[in-house]
Amino acid sequence: MTEVRARRFFEPMTEIRKKQKIAARKKMLKRLYMLRRYESKL
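Per my numbering, the sequence shown starts with residue 35, numbered consecutively.
There's no promise every hint is true.
Each computed BS3-like pair below joins lysine-lysine, with the alpha-carbon atoms no more than 27 Å apart [unchecked claim]:
no. : residue 1 : residue 2
1   : Lys61     : Lys75
2   : Lys75     : Lys60
3   : Lys53     : Lys64
These are computed hints drawn from the structure, not numbers from a lab. No experiment lies behind these values; they were computed from the predicted model shown.
Please work from the sequences and hints to get the whole structure.
See the structure below:
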């Protein structure tokens, strides 16, 4: 692992947290969407 690659793959905690937040939001939206579709079938 060279210095350049290490620097490219290094992410500060803020970035990681931001990505996790986005992922969580996507998951929630997906769940809501699935629920809505399921309810519309009933």
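These are the hints, each one checked on the structure:
1. A C-alpha spacing of about 21 Å is found between Lys61 and Lys75, which places the hinted pair at or below 27 Å, so the restraint holds.
2. For a cut-off of 27 Å, the pair hint linking Lys75 to Lys60 stands: about 23 Å separates their Cα positions.
3. Under the criterion of a C-alpha separation no larger than 27 Å, the hint pairing Lys53 with Lys64 is consistent with the structure, at around 16 Å.
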